Amino acid sequence: MDRIGVFLCTGCDIGAGLKVEDLEKLAKSSGAAQFAVHPCLCSPEGVDAVRSAAGGGALDALVIAACSARHKQLEFRLDPTKTAVERLGLREQVAWTHTPGDEDTQMLAEDMLRMSIVRASKMQLTVRLAEQIERAVLVVGGGIAGLQASQASAGMGHPVVLVEKSSRLGGHLAGLSEVVPEAPPYDRLHPSPIPGLVKAVEGDPGIKVLLSAGIRQISGQPGQFAVEIESGGGRETFRIGAIVLATGSRPYDASRLVGLGYGLPNVVTAAQLDEQLSRGELRLPSGGGAPRRVVFLQCAGSRDDSHLKYCSGDCCTATLRQVLALHNKMPGVECAVIYKDLRAPGQLEHFYLAVQEKTHAAFLRGVVEGVSRSGEGLKVVAMDGLLGERVEFDADLVVLATGMVPNAADGEAIRALRDAKGRIERNESDTQRKLAEELAASLAHHEGTEILNLAYRKGPDLPALSYGFPDSHFICFPYETRRTGIYAAGSVRAPMDAAQAAEDGWGAAMKAVQCISAAGRGEAVHPRSGDAGIADFFLQRCTQCKRCTEECPFGSLDEDAKGTPLYNKLRCRRCGICLGACPERIVSFPDYSVEAITGMIKAIEVPDETEEKPRILALLCENDAMPALDDAALKGAKWNAWMRVIPVRCLGSVNLAWVSESVSRGIDGIILIGCKRGDDYQCHYIEGSQLAHKRLENIQETLTRLSLESERIRVIELERDECARIPALFDEFAQVLADLGPNPLKGF
Amino acid sequence: MNEPSPRPILVIGAGIAGITAALEAAEAGREAVLIESERAVGGRVLRIHNYFPKLCPPSCGMEINIRRLERNPRVRVITGARVAGAGRLPDGWSVTVSISPAHVKDTCTLCGECSKVCPAKVPDQFNLGKCMVPAVRLPNPDAFPRRYVLDRSACPQGCKACADACKYGAIDLNATGREETLEAGAVVVATGWAPYSIEKLKELGGGVLPDVISNVQMERYAAPGGPTGGKIVRPSDGKAPRRVAFIQCAGSRDVNHLPYCSAVCCLASTKQALYVREQIPDAEITVYYIDRRTPGRNEAMLGRAEAAGVKFVKGKVGKVRAGPDGGVLLRIEDQEAGQLVDAEADLVVLATGMAPAGGDLPMPVPRDGDGFALDDGKARIFAAGVARRPEDVAASVRDATGAAAKALCAGRNS
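Protein chains in written order, with the working numbering: chain A, 16 to 763; chain B, 50 to 463.
Read the hints as simulated data drawn from the structure, not as lab findings.
Quick caveat: nothing in here was measured; it's all calculated off a predicted structure.
No residue lacks a Cβ here, since even glycine has one placed at the ideal position from N, Cα and C.
Honestly, I wouldn't trust all of these hints.
Claimed, not checked - For lysine to aspartate or glutamate, the following EDC-like pairs were computed, each having C-alpha atoms within a straight-line distance of at most 16 Å:
no., chain 1, residue 1, chain 2, residue 2
1, B, 103, A, 694
2, A, 355, B, 385
3, B, 103, A, 434
4, A, 324, B, 355
5, B, 360, B, 383
Unchecked claim - Partial list, derived from the structure: chain B residues whose beta carbon lies under 7 Å from chain A:
no., residue
6, 109
7, 273
8, 417
Unchecked claim - Derived list of chain B stretches under chain A, where covered just means 3 residues or more per stretch with a C-beta under 8 Å from a C-beta of chain A:
no., segment
9, 75-81
10, 419-433
Build the full structure now, drawing on both the sequences and the hints.
Here is the structure:
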């Protein structure tokens with residue numbers, strides 16, 4: 016951009032503490048074509064002035080030097096395809112937080128203005144993508160979540176392709192006529208929703224159902240997936256816009272539960288009892304008549320460190336359903352349930368009470384010590400948690416309430432396994448081969464687990480988080496996965512019951528349809544929804560180092576045979592992690608680039624060491640750290656005037672060139688503040704914060720090699736509500752740097 | 050198939066469920082109008098210190114949601130508003146919205162000069178009335194819309210100090226309320242919940258003993274923006290409690306109060322026990338429960354609390370009264386030991402449940418026996434969040450996303 020207008024607001028104390036005429040001189044000498052001052056830029060008159068200047072065509076980029084970019088967004092948002100806008104928060108970062116009229120305050124404001132003008136000059140106008148977008152939704156899995164997702168997508172006017180591995184729709188519940196109550200009064204069994212849903216889906220001309228089908232390959236990107244499906248011996252390729260993964264779960268392997276008697280005659284899993292219930296004939300598996308005394312053992316393989324650590328979420332209520340179903344079919348049957356905690360959450364409490372009342376089943380809180388043969392029948396020994404006594408139950412049928420294991424594949428593990436096998440084959444050295452063999456052995460259980468078969472560089476399926484469930488921000492944004500345009504629904508996503516899985520089907524369909532809509536507008540989906548800017552890769556300079564393709568958390572980048580990145584624009588979430596990864600600095604977004612931030616760093620005037628005015632660069636994540644900085648300012652915090660703050664899209668987007676540029680320019684220290692990393696990560700781009708830490712460790716080593724103190728660089732994790740920590744973080748770091756003395760590279 | 054109705058979706062309630070429903074629809078290209086009775090969006094989640102199981106601040110996810118709201122031209126947010134009337138249209142609803150006077154206009158810059166000069170103090174609703182704030186103020190640290198609010202009824206006679214102090218003419222002491230009529234293609238009811246009042250739990254010391262507080266109050270005590278600046282204290286003397294007792298199912302799973310399980314309290318207390326542990330490493334922390342309901346991957350919270358030395362006792366607390374030396378005395382039926390025991394605590398937290406809110410809507414929203422809202426597809430009314438059933442934040446977001454889909458489907462296949 017070369018026609019930059021600077022609009023300086025002097026309201027909210029900004030003008031009072033600064034020499035505005037000096038700022039004007041500086042703007043002009045820094046290349047601004049226009050400089051205007053307004054006492055309240057966000058007032059209708061101020062906004063008019065900004066908009067008419069932008070609309071006149073004389074300017075192509077604006078610097079709004081006023082309040083934080085988080086405020087007055089509506090007032091200062093201009094069409095990014097026509098005008099680039101750089102927001103400079105003089106109010107929060109200067110006026111409210113530094114001594115008015117002070118020399119250091121003025122130097123801070125002047126540096127910030129210079130930095131913003133440089134940034135504006137390096138911005139590009141956004142060019143919206145306008146690509147051909149497919150509207151069809153692919154639903155993988157024909158259980159309750161998949162059926163509901165299909166019906167919902169079709170209901171929103173989108174064609175649907177539903178792929179089911181087995182020969183019929185309905186999933187686990189297909190055979191059952193009655194399910195856990197899903198509607199008031201919650202005190203009786205509910206007719207299964209499956210037959211109605213199956214009928215609706217099969218009868219919908221907009222839904223193509225493929226049974227006994229599997230996905231051979233998915234290539235492309237949201238709005239433009241090509242999905243090759245094998246079904247009934249034939250193969251067909253479908254053009255798809257977005258995908259719902261609803262592959263459900265399978266029961267935990269009961270053969271590992273011999274301690275609970277599995278393997279003995281008449282010890283069955285809940286799923287096996289359901290099969291009997293759906294056939295309508297209740298006979299003991301060993302032969303003979305119907306069971307008279309049934310004991311249910313809860314948490315069979317769940318909530319157990321040696322099996323599934325998690326609670327499977329629906330076994331307690333499934334047992335209640337089975338107890339009531341048995342009672343309804345055979346009123347004299349005696350049931351006992353041995354549990355750790357009876358989990359009938361929410362309004363299913365009504366169901367729990369009703370089952371107790373109707374069936375007179377015994378509910379015992381206890382720990383099962385053993386299941387053994389006893390004459391013709393079985394004996395269950397448990398330690399009664401309430402009375403502290405050993406209790407024995409005679410039973411002719413024991414039901415293990417086995418938990419659920421997601422039918423998910425860990426794409427990144429599969430890829431690691433494939434890579435290891437490749438290394439074994441290449442046999443480059445004995446050590447390499449040995450390491451690869453060990454790795455392959457540890458990952459062997461992922462062999463052949465592929466479901467989606469994504470033709471992605473980062474693996475054929477979604478990456479997993481804990482317990483094998485697909486990774487997502489499972490609290491705030493539960494459907495998001497790390498592969499754009501693919502949304503998990505139902506018990507593949509998290510342990511849940513059938514009613515919840517149906518809700519998931521609705522929600523995941525919403526996200527799929529929304530993703531198609533966003534792709535059509537050329538916009539990003541969560542979390543930068545609405546952002547139409549896309550990355551530009553200057554491939555002539557690419558050295559095929561593969562860092563960008565490896566580090567993109569969303570698998571947006573594939574590679575050609577030489578290892579050159581292939582950018583899938585519609586998979587991109589615009590986090591900038593590729594930009595941070597690239598040693599050749601070839602990745603740029605229209606409003607965010609290595610060059611722009613480097614330019615900002617160069618625009619910082621670094622006084623020489625005799626002036627005793629250190630300079631500290633602070634790179635703050637715009638998602639949590641920058642808002643926290645705003646909050647600190649709003650609350651009247653003051654901080655060190657040596658700081659020069661630059662907001663970054665994510666700590667993972669920090670390019671090490673910025674660090675080396677700073678160090679070589681004599682900047683005394685660099686502090687990076689981002690979101691929490693690790694298992695309970697808060698990084699909106701999952702791995703950004705983690706990557707920043709890893710990269711910074713490397714650069715700290717480099718500093719040490721250059722005989723510079725590694726303490727000059729610091730990475731901090733800050734939560735969104737920790738604004739109170741900021742002044743002390745800055746001041747304490749400034750003190751550390753003062754103690755170290757000036758950066759010896761100053762003046763070189 | 051009919052064409053989709055061009056009318057917007059009306060979402061009532063801008064807590065996490067309502068915000069989600071409006072945004073999900075809008076990001077799929079549909080217009081949405083989001084109505085909130087408070088002056089800022091965010092509802093109950095912003096009053097939570099940390100979410101379980103990650104123990105992360107809700108303002109983090111809300112920051113993204115507010116950015117989505119601000120940047121999406123298809124969502125209109127109306128705060129300080131109630132639905133006053135509703136009439137059925139052949140393909141939706143005509144709704145009258147009553148909007149309270151906007152004494153602070155959107156030209157507010159958050160400069161704060163008004164607050165500095167305001168002579169009147171009001172109980173801070175954001176902090177559940179546990180501290181006083183100026184009558185003109187920022188309603189919460191993350192307030193959206195980003196402007197101050199004025200409780201006009203608290204102004205001293207003739208006072209116009211705030212209006213005089215405002216350099217931007219953003220304060221209009223004579224503003225009047227207004228009504229607006231909107232047409233909607235479908236309605237999403239996301240009116241949320243109210244905590245079951247501890248005043249109704251006198252036998253557990255609720256509303257009687259100062260050191261018996263509710264779980265929602267505990268969230269504010271633990272939050273940096275709360276009345277104690279994030280310090281967990283015993284209200285009677287402001288000291289850090291050495292012994293903290295959590296009483297589960299306080300008013301839930303109880304035919305005399307709420308007959309259902311509120312679905313979040315076990316996890317909320319487990320999380321709050323960890324807040325206490327973090328601040329007071331040697332505190333004795335006990336949770337009295339009927340069943341520990343921490344489903345799914347949230348199970349890990351239990352192990353984390355146990356590892357932190359939190360004691361879980363299966364037992365029904367029958368009575369709570371004042372103890373000697375200023376403490377609180379609990380009479381517990383310890384079901385594992387099979388006996389009645391007494392325990393003392395400095396601070397008692399009642400894990401009160403959630404009662405559905407929003408029962409006064411003018412349109413006929415079907416409700417179940419517990420008062421939770423149900424969907425009525427034919428009438429194009431869909432419920433989301435805790436207005437629909439007791440559930441946690443993650444489930445509210447999930448269901449609200451689904452409610453947006455249901456609203457988008459409404460009318461297409463009819």
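Hint residue 417 of chain B vs chain A: min CB-CB distance below 7 Å? 4 Å, holds
With the threshold set at 16 Å, check whether the alpha-carbon distance from residue 360 of chain B to residue 383 of chain B stays at or below it. 13 Å, holds
Hinted pair, alpha-carbon criterion (16 Å max): residue 324 of chain A, residue 355 of chain B. Please report holds or violated. 15 Å, holds
Holds or violated: residue 103 of chain B to residue 434 of chain A, with C-alpha atoms at most 16 Å apart: 33 Å, violated
Are the Cα atoms of residue 355 of chain A and residue 385 of chain B separated by 16 Å or less? Answer holds: residue 355 of chain A to residue 385 of chain B is near 12 Å, not above 16 Å.
Just to make sure I understand the rule, a stretch counts as covered if three or more of its residues have a C-beta closer than 8 Å to a C-beta of the chain. Does the segment 419-433 of chain B meet that for chain A? holds (count 3)
Less than 7 Å between beta-carbons is the criterion; does residue 109 of chain B satisfy it with respect to chain A? This interface hint holds because 4 Å falls under the 7 Å limit.
Are there three or more residues in the segment 75-81 of chain B whose C-beta lies within less than 8 Å of some C-beta in chain A? Since 3 is at least three, the answer is holds.
Taking the least C-beta to C-beta distance, is residue 273 of chain B closer than 7 Å to chain A? 5 Å, holds
Can you confirm whether the C-alpha distance between residue 103 of chain B and residue 694 of chain A stays at or below 16 Å? 9 Å, holds
Figure legend: structure checked against the earlier numbered hints; the only hint not met is number 3.
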